[in-house]
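Q: Read off the chains here:
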Amino acid sequence: MKTTMREAIRATLAEEMRRDGRVFILGEDVGVYGGTLQVTAGLFDEFGPERVIDTPLSEVAITGAAIGAAMMGLRPVLEIMFADFIPLALDQILNNAAKMCYGYDGDMSVPMVLRAPFGGGMRSGMHHCQNLEAIFAHIPGIYVVMPTTPADAKGLLLAAIRDPNPVIYLEHKMLYGVRGDVTEGDAVIPFGKAAVRREGRDVTIVACGALVNKSLIAAGELAKAGIEAEVIDLRSIRPLDEDAIITSVRKTSRLVIAHEACRTGGIAGEIAAVVSAGAIDALDAPVARVTAPDAPVPFSPTLEDAFLPRPEQIVAEVKALFGKRFA
Amino acid sequence: MADLQKKDLLELYRWMLLSRITEERMTEYHKHSPLPELPHSGIGQEAISAGTVYGLRPDDLILPSLRTRGAFIFKGIPQRMMMAGAFAKVTGAARGKNTSHHMGYRPAGVIAGSGVVAAHLPVGVGVALAARLQKKDYIAVAYFGDGASNRGDVHESMNMAAVMKLGLVFICENNLYSISTPASKHSGIVDLARRADGYGMPGVVVDGNDVLAVYDAAMQAYARARAGEGPTFIECKTYRWLGHSERDPRDLRPKEEIEAWKRKCPVKRFREYLLAGGHADEADLDAIRAGVTADVDDAVKFAEESPFPPGGEAVLHVYGEGRADQ
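As they're listed, the protein sequences go chains A and B. First residue of the first sequence: 42, per my numbering; consecutive thereafter. First residue of the second sequence: 4, per my numbering; consecutive thereafter.
A couple of the hints might just be wrong.
Said to hold, decoys possible - Cut-off 20 Å, straight-line C-alpha distance, at most; resulting in silico cross-link-like pairs (EDC-like, lysine to aspartate or glutamate):
#1 B/K139 / A/D61
#2 B/K168 / A/E91
#3 B/K168 / A/E69
#4 B/K138 / A/D95
#5 B/K138 / A/E91
Keep in mind that the hints were calculated from the coordinates and are not lab data.
Turn these sequences into a full structure, and let the hints guide you.
A: Right under this line is the structure:
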């Protein structure tokens with residue numbers, strides 16, 4: 042059944058809330074209003090104010106409340122209105138949620154999910170459009186996932202809600218309307234499993250978030266030039282599917298990593314290190330990155346379009362690799 | 004305090020003495036043989052932990068602060084585990100992964116804290132919210148100091164707990180200093196509990212060195228919290244006798260101020276109350292002291308003799324496998 046990613050997320054929340062009475066939602070304007078981007082629309086009507094809780098505008102208290110409720114045996118799913126606001130609650134995530142299990146030597150879990158829309162393309166400016174996944178992925182004790190299809194949105198959300206650990210679940214705003222098939226029932230997608238979106242023998246493009254579809258567009262262009270690109274959708278930023286990346290690079294001998302986050306300290310650097318350690322002997326060319334520049338996300342359409350990575354850049358980087366053979 | 008019998012009064016005295024002697028021992032020990040965990044003593048503030056924990060039920064939860072050593076012990080963390088934690092031993096907090104300052108202990112209903120002061124208050128909101136959603140009437144009690152009271156976490160937590168009428172009680176230990184900074188330089192008001200009015204909850208100021216006054220204020224707040232009427236902000240005026248920690252480079256507080264507060268010692272004061280009221284005689288109280296001293300001796304010996312955790316455990320339990328009750 043074809044559905045949008047937004048609808049897949051909403052339907053999965055509803056399914057899980059029907060299945061498990063411990064699951065509840067909290068956040069700013071998530072109830073009666075249905076969420077600023079309408080992801081939780083309708084859930085208040087079905088589940089009522091005790092399970093779809095409108096909170097004050099207090100990111101720290103909302104996140105702390107989710108942590109405390111999770112520690113007491115509930116399964117909170119909190120929404121932070123935009124991922125750009127997660128840093129307000131970063132202390133709760135970094136110093137509380139991520140460390141509780143360890144701080145109790147395993148005798149405590151924090152089964153919570155923090156959902157947040159992220160990413161550029163909506164002309165929303167520098168405080169509503171960032172890709173901050175690398176900041177979160179640096180934190181041991183949490184998982185970071187980033188679905189790009191309705192089926193993955195469902196599968197990763199099922200995994201996130203049912204996992205005993207804190208999960209940051211990032212929803213790219215430009216993908217909410219993407220349509221696709223969703224499997225009925227318990228189609229859980231485990232963390233740390235990348236998806237091969239297109240098979241190819243000549244170059245591996247590892248991408249996440251909005252750059253997956255852009256990489257597929259680039260792969261189509263490259264095919265016209267006789268270059269068969271393999272496109273890998275990470276799905277999980279932490280943990281990374283190192284095996285899938287290395288297996289693909291061993292097959293293709295070339296690697297381009299594409300993400301919408303800015304360059305320095307981005308997840309591409311980590312992937313390059315993984316490949317350097319695990320498959321450097323297989324590489325025929327240096328590892329290339331396609332990322333946003335090290336700058337805030339600008340507002341004006343011409344500036345934002347220039348800022349966001351484009352398929353042409355991926356095509357150009359791939360073609361350049363074929364001229365950069367190692368001696 | 005109408006409901007307190009003689010045995011309760013003596014138990015309260017034992018608790019305060021236990022906290023006092025535990026911290027004195029840690030501090031003394033640290034002087035000749037430095038402990039891995041730097042002591043941050045709450046000596047002088049014992050009445051607050053004792054008076055607030057005594058009226059709690061076993062299923063209630065506490066979120067202690069750095070300075071509420073007594074609260075951890077009174078709520079049920081074994082004395083040996085607490086002391087071994089300060090020694091960083093495998094028998095201590097989380098097999099040496101956590102400090103005893105911020106440890107959590109599920110069997111006793113102690114929620115782990117944070118090295119970031121007041122960062123546990125938002126977690127307390129969630130603990131109290133869980134009670135509401137689970138349709139249970141356990142409550143949560145969160146402790147913080149006057150310094151921490153200025154952090155935004157306190158504001159967000161108090162507002163959210165008040166607007167949702169959650170069973171969370173805020174206990175502020177106002178010992179008049181945020182490390183070296185006097186309250187007059189960190190807050191624009193003298194009675195921090197006045198802030199409660201801005202959140203729509205009762206604010207109560209009590210003499211934090213009077214264990215029975217603390218107990219009474221706490222019991223009123225707990226009844227309100229348990230009845231679903233919402234949180235209370237209890238400010239306990241007190242004073243810490245020692246520096247911020249045993250590495251405090253300079254104690255800038257006036258000597259005469261420290262001496263004046265030592266004369267208001269909560270333990271001595273309660274001892275005199277018990278004697279004057281005929282609740283106990285010298286022999287009773289000396290016997291309690293002997294018992295507590297033996298317990299602390301035992302805990303120190305246990306901590307000394309316990310091994311350190313093996314280094315390989317450093318990477319265990321970063322992620323949980325889930326618990327049947329979660």
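Q: Against this structure, judge whether each hint is valid.
A: Tested hints:
1. Simply put, B/K139 and A/D61 have alpha-carbon atoms about 18 Å apart, close enough for the 20 Å limit, and the pair holds.
2. Between B/K168 and A/E91 the CA atoms are separated by roughly 13 Å; this keeps the pair inside 20 Å, and the hint holds.
3. Of the supplied pair hints, the one linking B/K168 and A/E69 holds, its CA atoms being roughly 18 Å apart against a limit of 20 Å.
4. A C-alpha spacing of about 19 Å is found between B/K138 and A/D95, which places the hinted pair at or below 20 Å, so the restraint holds.
5. A distance of roughly 11 Å separates the Cα atoms of B/K138 and A/E91; the hinted pair therefore holds under the 20 Å criterion.
Of the numbered hints listed earlier, not one is contradicted by the structure.
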